[in-house]
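Here is what each chain is made of, one letter per residue.
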Amino acid sequence: MSKLALPAAQERPGHRAPPGHPGRLGRWGWPALGLAIFLAIWEAVPALGLLPATLLPPPSILPATWWQEVVDGHWLAAVQASLSHYLMGLAIGTAGGVALGVAMALSPRLDASLSWVVRVLRPIPGLAWIPFAILWFGVNPASAVFIIVIGVFWINLFTAYAAVRAVEPELFELADAFGYRGRMAKLTPVILPAAAPGILAGVRTGLGQAWMAVIAAELFGVEGLGQRMMQASSLLATEIVVVMMLTIAALYGIVDMLFVALRDRLLRWQG
Amino acid sequence: MSVAVRIERLALRFPGASGPVLAGLDLAVAPGELVAILGASGVGKSTLLRAVAGLIAPSAGRVSVAAAPAADRLPVAMVFQDARLLAWRDAAANVRFGLERLEVPAAQARQRVDDSLALVGLTDLAARLPRQLSGGQRQRVAIARALAVRPEVLLMDEPFGALDAITREAMQGELTRIRQQTGKTILFVTHDIEEALVLADRVVLLAGQPAGIALERRVELPHAHRREHPNLLALAAEFRAVLGTRETA
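Taken in order, these protein sequences are the chains called E and V.
My numbering numbers the first residue of the first sequence as 1 and each following residue consecutively.
My numbering numbers the first residue of the second sequence as 1 and each following residue consecutively.
It is worth saying that the hints were derived from the structure and are not from the lab.
Built from N, CA and C at the ideal position, the CB exists for glycine as well.
Certain hints may be false.
Stated by the list, open to error - So, partial list: chain E residues that the calculated Cβ filter (under 8 Å) puts toward chain V:
#1 Leu174
#2 Asp176
#3 Tyr180
#4 Pro189
#5 Gly271
Input sequences plus hints: build the corresponding full structure.
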């Protein structure tokens with residue numbers, strides 16, 4: 001090595017990793033360290049008597065609590081019920097929102113006809129529909145599905161609308177030039193693939209929104225994770241509440257991860 | 001004389017514009033002829049091409065393309081300046097785009113895609129996505145896509161305008177070769193006088209407001225050495241003079 005050559009960056013005394021580089025702990029080290037500190041503080045707060053364990057159950061008791069819930073059959077039943085509400089509500093809300101959003105973007109008449117209806121209904125939070133959900137469907141899975149549908153419908157409507165409106169006019173002209181005259185003729189070969197990145201971004205936002213709606217919808221008594229949380233909190237079994245909260249986080253993480261894998265596969269042309 | 005494209009008393013108007021961009025335009029293009037439409041930016045060259053493609057309706061006059069009715073081909077096909085490949089389709093699928101609309105049987109479509117890609121020298125890149133192709137390669141795919149629908153007339157709207165000088169010259173050579181192999185009638189829009197004279201059998205200059213044909217010259221020079229031919233320089237000077245006079249006016 002030439003005498004003029006600088007030593008490798010990591011060998012220099014007092015060297016700091018450049019911004020954006022994870023440094024010596026690497027890609028997994030920092031997140032693991034952060035999680036460990038978070039769990040340690042959480043464990044310490046009830047252990048030091050800063051809060052009673054009933055108000056903040058320590059993380060160390062959660063694995064046993066979870067296992068007990070599994071053995072008792074509560075956990076699996078709640079997960080199955082919530083997942084069925086979630087998937088059904090997500091499917092209906094996403095399909096409906098995307099379909100209407102695409103239709104409004106392509107049809108100026110439909111867009112104009114629904115513009116005031118959308119303005120009136122859009123600001124109403126999904127949870128505000130709970131009284132009507134109970135009146136119309138009763139305290140049963142259909143009302144939970146209804147709340148979830150409302151929760152994801154608007155997100156998908158607006159993102160699909162925006163995504164289709166953002167399709168380059170040049171692509172419409174190209175389609176016309178090759179005989180794809182009319183909006184319906186262009187829909188599957190040009191419009192939907194071109195709008196897919198935007199539409200899928202809306203679907204992903206809906207995945208998270210739907211979990212919020214699931215729990216809110218189940219808190220009023222429909223079987224599922226939300227209902228189990230309410231039962232447990234009324235008995236001050238907060239460790240069960242925390243287990244259910246972490247279950248929701250894990251389920252959302254899994255669903256999101258699977259969706260991202262699917263999205264990346266569908267949009268691999270983007271590179 | 002048989003005619004591939006006939007334009008009669010054509011007037012075109014942009015939506016919302018006070019006056020027409022083109023008026024009283026007459027032009028007849030013979031089968032197999034390459035006519036270059038030359039003119040300054042905004043004069044209405046691309047608009048004229050869109051009218052021939054049927055993408056916009058004339059406000060007066062008529063455009064007709066002589067094409068025997070056939071379910072498996074389009075009378076005209078267009079090549080745009082910006083290639084306009086569908087980013088989610090590979091090169092072969094982009095070439096297949098028009099054939100899908102024509103519902104050409106799969107085996108026949110595959111053969112046409114292969115033939116068109118071979119004609120533009122991209123057989124080996126059939127599976128590449130547009131983002132994996134260079135500007136020149138993307139434009140070749142766009143030409144192959146247009147040729148695959150077996151048009152009577154190929155409409156080319158400044159197809160090499162976005163390419164660098166070296167690639168543009170190479171593509172001009174490619175187009176001359178493709179034309180010799182296919183015998184296609186071509187309407188070629190450009191604002192580059194040299195490009196028009198190197199490629200065309202006839203050059204038509206559009207100028208004025210509304211635009212009409214300000215100058216029309218047949219280029220009867222051998223394709224092989226046109227670029228260096230002294231007569232080409234003289235013709236270019238003639239077009240430049242008319243263009244300069246009209247622009248100043």
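Outcome of the hint check:
A distance limit of 8 Å between C-beta atoms decides the matter here; for leucine 174/E the minimum to chain V is near 5 Å, and the interface restraint holds. The interface hint given for aspartate 176/E is met, as the beta carbon of that residue sits about 6 Å from the closest beta carbon of chain V, less than 8 Å. Taking 8 Å as the C-beta contact cut-off toward chain V, the hint placing tyrosine 180/E at the interface holds, the least distance being around 6 Å. Residue-level restraint check for proline 189/E holds (minimum Cβ-Cβ distance to chain V is 7 Å; threshold 8 Å).
At a threshold of 8 Å, the smallest CB-CB gap from glycine 271/E to chain V is about 5 Å, leaving the interface hint in force.
Checked against the numbered hints listed earlier, the structure breaks none of them; every hint is satisfied.
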